[in-house]
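A.B. asks: So my numbering is basically just the index in the sequence shown, starting at one, shifted up by 27.
No lab work stands behind these hints: they were computed from the structure.
Model, not experiment: these values are computed from the prediction.
Fair warning: there could be bad hints in the mix.
[What the hints assert, rightly or not] Dumping the calculated SDA-like pairs for lysine to any residue here, alpha-carbon to alpha-carbon at most 20 Å:
id	residue 1	residue 2
1	LYS46	PRO99
2	LYS46	LEU88
3	LYS46	SER100
4	LYS46	SER101
5	LYS46	LEU71
6	LYS46	GLY92
7	LYS46	VAL63
8	LYS46	PRO61
9	LYS46	HIS97
10	LYS46	THR77
11	LYS46	ASP73
[Stated by the list, open to error] Each pair of labels, with its calculated beta carbon distance range:
id	residue 1	residue 2	range
12	GLY96	GLY58	41 to 49 Å
13	GLU66	GLY96	39 to 47 Å
14	GLY34	GLY95	35 to 43 Å
15	ALA36	ALA59	15 to 23 Å
Ideal Cβ positions, reconstructed from N, Cα and C, are used throughout, including at glycine.
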Amino acid sequence: MSEEQGGPAVVPTLSEWRKAREETERHLATGATPPVSAEWVQRLADLLATERSWQDQYTELLALGSSGGHFPSSNR
Numbered sequence: 028m029s030e031e032q033g034g035p036a037v038v039p040t041l042s043e044w045r046k047a048r049e050e051t052e053r054h055l056a057t058g059a060t061p062p063v064s065a066e067w068v069q070r071l072a073d074l075l076a077t078e079r080s081w082q083d084q085y086t087e088l089l090a091l092g093s094s095g096g097h098f099p100s101s102n103r
């Protein structure tokens, strides 16, 4: 599916996933050490949820082109 058709596209989705990952890494680099504030933990939870969402969307887009339309299970 392409952006022209009004749907998500692989390259921009990957870019947004990477941006979300970088934002999470920046937050972790703030050097908070236990015990951390509730606000810090909430921000991390929000960042991880955003990152996971972009990762899931990217994975689903890749699956569209694979046999059976499913992303393969990991061997790990």
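A.B. asks: Run every hint past the structure and note whether it holds.
C.D. replies: Comparing the hints with the structure gives:
Of the supplied pair hints, the one linking LYS46 and PRO99 is violated, its CA atoms being roughly 25 Å apart against a limit of 20 Å. Between LYS46 and LEU88 the CA atoms are separated by roughly 18 Å; this keeps the pair inside 20 Å, and the hint holds. Only pairs whose Cα atoms come within 20 Å are accepted, and LYS46 paired with SER100 is rejected, the gap being roughly 25 Å. As the CA atoms of LYS46 and SER101 are separated by approximately 24 Å, the hinted pair breaks the 20 Å bound.
Between the alpha carbons of LYS46 and LEU71 the distance comes to roughly 15 Å, so the proposed pair stays at or under 20 Å and holds. For the suggested pair LYS46 and GLY92, the alpha carbons sit about 24 Å apart, so the restraint of at most 20 Å is broken. At roughly 24 Å between alpha-carbon atoms, LYS46 and VAL63 are farther apart than 20 Å, so this suggested pair is violated. Proximity of LYS46 to PRO61 is assessed by CA-CA distance (about 26 Å); at most 20 Å being required, the pair is judged violated.
Between the alpha carbons of LYS46 and HIS97 the distance comes to roughly 25 Å, so the proposed pair goes past 20 Å and is violated. Simply put, LYS46 and THR77 have alpha-carbon atoms about 10 Å apart, close enough for the 20 Å limit, and the pair holds. Proposed proximity of LYS46 and ASP73 is supported: the alpha carbons are some 14 Å apart, at most 20 Å. Hint check: GLY96 to GLY58, Cβ distance near 43 Å, so the stated range 41 to 49 Å holds.
A hinted range of 39 to 47 Å for the beta carbons of GLU66 and GLY96 is consistent with their spacing of about 41 Å. The hinted window of 35 to 43 Å between GLY34 and GLY95 is violated, with their beta carbons roughly 20 Å apart. Between ALA36 and ALA59 the C-beta distance comes to about 35 Å, which lies outside the given range of 15 to 23 Å.
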